[in-house]
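Chains as they are written, first to last, in numbering that gives the first Met the number 0: chain A, 0 to 327; chain B, 0 to 327.
Note that these hints are calculated values from the structure, not bench results.
Positions of the beta carbon are idealized from the N, C-alpha and C atoms, including for glycine.
Among the hints, erroneous ones may be present.
[Unchecked claim] A partial selection of chain A residues facing chain B, derived with a Cβ cut-off under 10 Å:
hint, residue
1, Leu-42
2, Ala-77
3, Glu-99
[To be verified] Across the chosen pairs, the derived CB separations fall in these ranges:
hint, chain 1, residue 1, chain 2, residue 2, range
4, A, Gly-82, B, Gly-276, 52 to 58 Å
5, A, Glu-76, B, Asp-290, 25 to 31 Å
6, A, Thr-145, B, Ala-177, 41 to 47 Å
7, B, Arg-150, A, Gly-209, 44 to 50 Å
8, B, Lys-234, A, Glu-76, 27 to 33 Å
9, B, Gly-107, A, Ala-176, 33 to 39 Å
10, A, Thr-140, B, Ala-112, 32 to 38 Å
[Unchecked claim] Sample of chain B residues facing chain A (criterion: CB under 8 Å; computed from the structure):
hint, residue
11, Gly-41
12, Thr-71
13, Ala-77
14, Ile-78
15, Gly-80
16, Asp-91
17, Arg-92
18, Leu-94
There are 2 protein chains.
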Amino acid sequence: MSVLALCGGVGGAKLAQGLYRALPPDSLTVVVNTGDDFDHLGLRICPDLDTVLYTLGGLADPVRGWGRQDETWNFMEAIRGLGGESWFQLGDRDLALHVERTGHLRDGGTLTAFIARAARQFGIAAQILPMSDDDVRTMVTTEEGTLVFQRYFVERRCAPVVKALEFVGAAFARPAAALDRVAADPALRAIVICPSNPYLSIDPILAVPGMRRLLEQAAVPVIAVSPLIGGQAVKGPTAKIMAELGIPAATAAIAAHYRPLIDGLLIDQTDAADAEGLGIPVAVARTLMRDEDDRLRLAHEALAFADRLRAGGARRGGRTTTLTGRSA
Amino acid sequence: MSVLALCGGVGGAKLAQGLYRALPPDSLTVVVNTGDDFDHLGLRICPDLDTVLYTLGGLADPVRGWGRQDETWNFMEAIRGLGGESWFQLGDRDLALHVERTGHLRDGGTLTAFIARAARQFGIAAQILPMSDDDVRTMVTTEEGTLVFQRYFVERRCAPVVKALEFVGAAFARPAAALDRVAADPALRAIVICPSNPYLSIDPILAVPGMRRLLEQAAVPVIAVSPLIGGQAVKGPTAKIMAELGIPAATAAIAAHYRPLIDGLLIDQTDAADAEGLGIPVAVARTLMRDEDDRLRLAHEALAFADRLRAGGARRGGRTTTLTGRSA
Numbered sequence: 000m001s002v003l004a005l006c007g008g009v010g011g012a013k014l015a016q017g018l019y020r021a022l023p024p025d026s027l028t029v030v031v032n033t034g035d036d037f038d039h040l041g042l043r044i045c046p047d048l049d050t051v052l053y054t055l056g057g058l059a060d061p062v063r064g065w066g067r068q069d070e071t072w073n074f075m076e077a078i079r080g081l082g083g084e085s086w087f088q089l090g091d092r093d094l095a096l097h098v099e100r101t102g103h104l105r106d107g108g109t110l111t112a113f114i115a116r117a118a119r120q121f122g123i124a125a126q127i128l129p130m131s132d133d134d135v136r137t138m139v140t141t142e143e144g145t146l147v148f149q150r151y152f153v154e155r156r157c158a159p160v161v162k163a164l165e166f167v168g169a170a171f172a173r174p175a176a177a178l179d180r181v182a183a184d185p186a187l188r189a190i191v192i193c194p195s196n197p198y199l200s201i202d203p204i205l206a207v208p209g210m211r212r213l214l215e216q217a218a219v220p221v222i223a224v225s226p227l228i229g230g231q232a233v234k235g236p237t238a239k240i241m242a243e244l245g246i247p248a249a250t251a252a253i254a255a256h257y258r259p260l261i262d263g264l265l266i267d268q269t270d271a272a273d274a275e276g277l278g279i280p281v282a283v284a285r286t287l288m289r290d291e292d293d294r295l296r297l298a299h300e301a302l303a304f305a306d307r308l309r310a311g312g313a314r315r316g317g318r319t320t321t322l323t324g325r326s327a
Numbered sequence: 000m001s002v003l004a005l006c007g008g009v010g011g012a013k014l015a016q017g018l019y020r021a022l023p024p025d026s027l028t029v030v031v032n033t034g035d036d037f038d039h040l041g042l043r044i045c046p047d048l049d050t051v052l053y054t055l056g057g058l059a060d061p062v063r064g065w066g067r068q069d070e071t072w073n074f075m076e077a078i079r080g081l082g083g084e085s086w087f088q089l090g091d092r093d094l095a096l097h098v099e100r101t102g103h104l105r106d107g108g109t110l111t112a113f114i115a116r117a118a119r120q121f122g123i124a125a126q127i128l129p130m131s132d133d134d135v136r137t138m139v140t141t142e143e144g145t146l147v148f149q150r151y152f153v154e155r156r157c158a159p160v161v162k163a164l165e166f167v168g169a170a171f172a173r174p175a176a177a178l179d180r181v182a183a184d185p186a187l188r189a190i191v192i193c194p195s196n197p198y199l200s201i202d203p204i205l206a207v208p209g210m211r212r213l214l215e216q217a218a219v220p221v222i223a224v225s226p227l228i229g230g231q232a233v234k235g236p237t238a239k240i241m242a243e244l245g246i247p248a249a250t251a252a253i254a255a256h257y258r259p260l261i262d263g264l265l266i267d268q269t270d271a272a273d274a275e276g277l278g279i280p281v282a283v284a285r286t287l288m289r290d291e292d293d294r295l296r297l298a299h300e301a302l303a304f305a306d307r308l309r310a311g312g313a314r315r316g317g318r319t320t321t322l323t324g325r326s327a
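Just chain A, same shape as in the assembly:
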């Protein structure tokens, strides 16, 4: 039985790793946000894809949450010594991925092929797919003007107040070629939206034409894991952005955001009281992932939730809307 997961960077990658460990090695496909990708110092940087690669490959820095473990920063120090742009940190080991990718793309290769090669080199049996090989760029319109995502996220540390998000190029982007096959696989067990930022990390994926339909028409349950715990994101600006966009940072808003696409929402035990009245089946679990055991446990919770929904007859088009409230 295989699973399709959608995810962004750090938080989502943790659950993706849990799913990878919970399933037979070649049973997971992860579709990853590329809206954060950008060109910097002449190199193509793909923050979310690289986080997923490093996390599933067991190479991620466990403390920092991004980049590689045992990383050194001598390149950055030398860049500063030359008066170069140093607002975006590139580790010495991490650089290799950007240099190799940039060369691969310059030679006419696809991002999908490069990520598949890197995954193979890192010994990853899961299929990691960029949401598209076409450029999609998340633009953040703020009170201080429109910023490309990394300028907003890294250089400005999410300080500017967000007024709108746009995924430039998404309308003309073709979804990852392998997705149709994955979605049509009779062995597919569930589709899981990882606890990434719904607005910054998942919406760009959903903005690629065909992606929403793929979820709507899936023959298996689609579930989302809420990124909020007690109205806060574990990491990142989810709650801040929701507030700035006039959305209450609460489970109900996450449920409303994903409701047209999902069959069930998995929320944190802290928010168990929110489970009623969301208009969608809900499961409750401890969603905080502090270590790899937490990731594995949450993955099993998510899969069990999807299996219960499936057994209960939930699926796209015929969703069992009677199944409201806590489904456990």
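Given chain A, put chain B in place with the hints provided.
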């Protein structure tokens, strides 16, 4: 009083540093070979220019002879982990120079401007000039076919037997724009050809149109420091290449090679017996540069030699050919 030096990489850069220390800080101009430059992993690499930058900037690795001191190699390790090309070593700190340069050139900047900026950042008061902003590429025709220089020099470790050398693009290259001013400077004291490989490092410079004439018409003595000591090069393939090209690896061959351009040849004390009959004024000194004091001492010897030649009336067009043998 100012000095113009021509040099390639390691050996030449050592004397360039000696000259830099021997003179007032802003009195040295170094014209550097760019025939070894190449594009690798999407980056423009300029080995000789970078060696001169690091050496004059006090950043060079004193043991390895190339690259930066306190260097780390995590980028290369990660490149190998990705199955990338790893035959050319790029240190983590060194990489910054290549990334910044590649961006500068991509944005339409000149190599000359980039090197000037890097020299400034490294606190170097000397003027370091690429021989040309136009691409010149040293091609090595060997018994195994024609190789670009770095493939011959680094990847093949100079193993293939050399049949011919060609400096592709040299015929159409324009010499460094600042050179005319330097050569015409009334304060110019001497022109020094550093003890680099005459065939691989100095000939590409001399192949740039106007460069030989600049030396021939200089109003000051032009001297060369022989790269041979006892028929061997201190480092590098000079003697091997001379043998393969059918040239005896001896002082006489170096003298014959440079004779049309120079007013005097400085040779090592080991080769003092060769001083007679070279048809050119000769000075003898200890040319081996094991430490910075050696570099400074040799620089003073070279300058004193040039000053003696000047006092003796040597200059282009009116060279004092009677001054043969040891001039000291």
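- Can you give the numbers of the hints that this structure goes against, from lowest to highest? Hint check: nothing fails, all pass.
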